[in-house]
Amino acid sequence: MLGTPEAAPSRTAGERRRLDAVHRYGLLDDAPDGALDRVAALAARLFGAPMATVSVVGADRIRLKAAYGPTGARELGREPGLAASAIERDGPYVVPDTLRDPRTAAHPLVQGAPGVRFYAAAPITTPGGDRLGTVDVWDTRPREADADRLAALGELAALVAEELEGRLAAARTLAAERRMRTGAERLARTLQRTLLPPALPAVPGLSTAAAYHTASPDEVGGDFYDLFPLADGRWAFFLGDVCGKGADAAALTSLTRYTLRAAAIHDPDPGAALATLDAVLKAEYQDGDPRYCTAVFGVLESAPDGSFEVVLAAGGHPPALVLRADGTSRPVPTPGGQLIGLLPAPHFARNTVRLDPGDALLLYTDGLTEARTDDGGMLGEDGLADRLADLAPHGAEALLAAVDKLLGDLGDGVSDDTALLALSVPARPAGVPPTAPVHPALADPPRPTAPSAQENR
Amino acid sequence: MTERTLTVTSRTHPSGATVLTVDGELDHHTAPQLRAAVEAAPYPPAGTVLDLTRLGYCDSTGITVLVTGYHRAQAAGTPLVLAGLSADLLRVFRIVGLDQIFSFRPTVDEAVAALSS
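Read top to bottom, the protein sequences are chains U and Z.
In terms of the numbering used here, the first sequence opens at residue 1 and continues consecutively.
In terms of the numbering used here, the second sequence opens at residue 458 and continues consecutively.
Calculated from the structure, these hints are not laboratory results.
It is possible that some hints are incorrect.
[As the list claims (entries may be wrong)] Stretch-level coverage of chain U by chain Z, calculated; a stretch enters the list once three of its residues show a Cβ under 8 Å from a Cβ in chain Z:
(1) 290-299
(2) 311-324
[To be verified] Derived DEER-like restraints, expressed as beta-carbon distance ranges:
(3) U:A147 / Z:T466: 57 to 67 Å
(4) Z:T464 / U:A73: 51 to 61 Å
(5) U:A158 / Z:P501: 52 to 62 Å
(6) U:D375 / Z:G534: 40 to 50 Å
(7) Z:T469 / U:A231: 53 to 63 Å
Every residue, glycine too, gets a C-beta built ideally from N, C-alpha and C.
Please model the entire structure based on the sequences and the hints provided.
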């Protein structure tokens, strides 16, 4: 009711709700507001009056969010009579002569500067029915207000309400999107951490090292690796890359990693493990949205002479790189190994390689070989081999340190995540005779790491 | 602009084959455009050519879409040929085994000729 706020020490439920709305719309700050300034100017022009404001009524104060003309202070007390009374009613609020009206005669703006004699206001009403404040017109002379102008003033107030509603919706959408994005990124990062073993297990007679390089802090890729013992004393490892990025990729990585580990328990043959993964991925993603991965799966068996035989199978993955103790290197070709989880009848290529003391095997994902070098071409398999050639004999740790430096040197040329797994057989101590048997898989001679680059421009 | 862009246009070759021309870079931001074109293509009996002459880049999501095209063509019982892949992309496609499901030809004309052979 008119004139009651001052007399009411405790706020009514309706007023508490109204104040909640004022805070929700964020209206009590004193930031300049160009849109509302124009509304105030338009209101003054509409009435041919020297002053107009867009005012918001807070708990104890009234804030002039926008003011046109010499209105004075931007914050006033909540004395009844002007805006404080105007928000008590639904329609326009008009005082043709403030000095002759008991509602307003004692108001400070009437008694003092700027000497308001005419006051007309329309409430700014939210869709929920809360009246936040007013668009109001002040004049220093008494006058009448015709119905057309009052209706137009109501339209201006409605326009302000719509503007505020739009801003609130935009702010909410933005906040919701930010929350979702942050949540999804955190989830994906957490998932990714769980997808990589916290530390590689110690394999007797072998040095191992692994690393994961993230190309972009906010896009989580789907590279993965693992190394674990088999029941018969051999060891198995895998490394790969799932298609896509983000939380979807992390979920696919999780499925891939646990499927490969489970498959290895039943049948540690590398080709069989990849075939099982292929079947699982196809069953999981059969409804028209193909998902696949590329991977290398290997089984390690140590020989009495300290060497290791490695049986590899690969699907759609760049070849692993063997670095020999003598400084030569060659890829372990697994040609024809197809993408896993995508093709009707995929073929997974196998190969066998022996690691003698001083030799190392490097597995990587294509973030490394597809990185751009200074000349704009891709690093490629040959480029990688060239840059690692002078490290022999290659310890796994030293090898990954060298790759780490290489990725650092390539800098922005690295546009995708890179997972790395290095296995090396420690060089034989001096005085121990080398062992002879050359494995059949090595019948083709290792090529020297000449700076040739047939496919790289 | 660092945003990758992609356009896909569809036309009918005088032979009756559908030619989808892909221009730009194919990654997980642009792949939905090609996916829409691949889903909408008619896969006529005369076959379909994906013209990739102006494809500058293709990531794993892009490969997924190309394979979707392969599945659609298989389901329609009609041939599909990829034309004009760059040497870099051809090398990557061969590594991942796509050469065992796709035919590659250097140009659209050679691809159309391969469709009817």
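Taking the hints in turn, this is what the structure says about them:
1. 290-299: holds (count 4)
2. 311-324: holds (count 4)
3. U:A147 / Z:T466: 57 to 67 Å: Cβ of A147 of chain U to Cβ of T466 of chain Z: about 60 Å, so the range 57 to 67 Å holds.
4. Z:T464 / U:A73: 51 to 61 Å: 59 Å, holds
5. U:A158 / Z:P501: 52 to 62 Å: Since the Cβ atoms of A158 of chain U and P501 of chain Z sit about 57 Å apart, the hinted range of 52 to 62 Å holds.
6. U:D375 / Z:G534: 40 to 50 Å: 46 Å, holds
7. Z:T469 / U:A231: 53 to 63 Å: About 60 Å separates the Cβ atoms of T469 of chain Z and A231 of chain U, which means 53 to 63 Å holds.
When each numbered hint is compared with the structure, no violation occurs for any of them.
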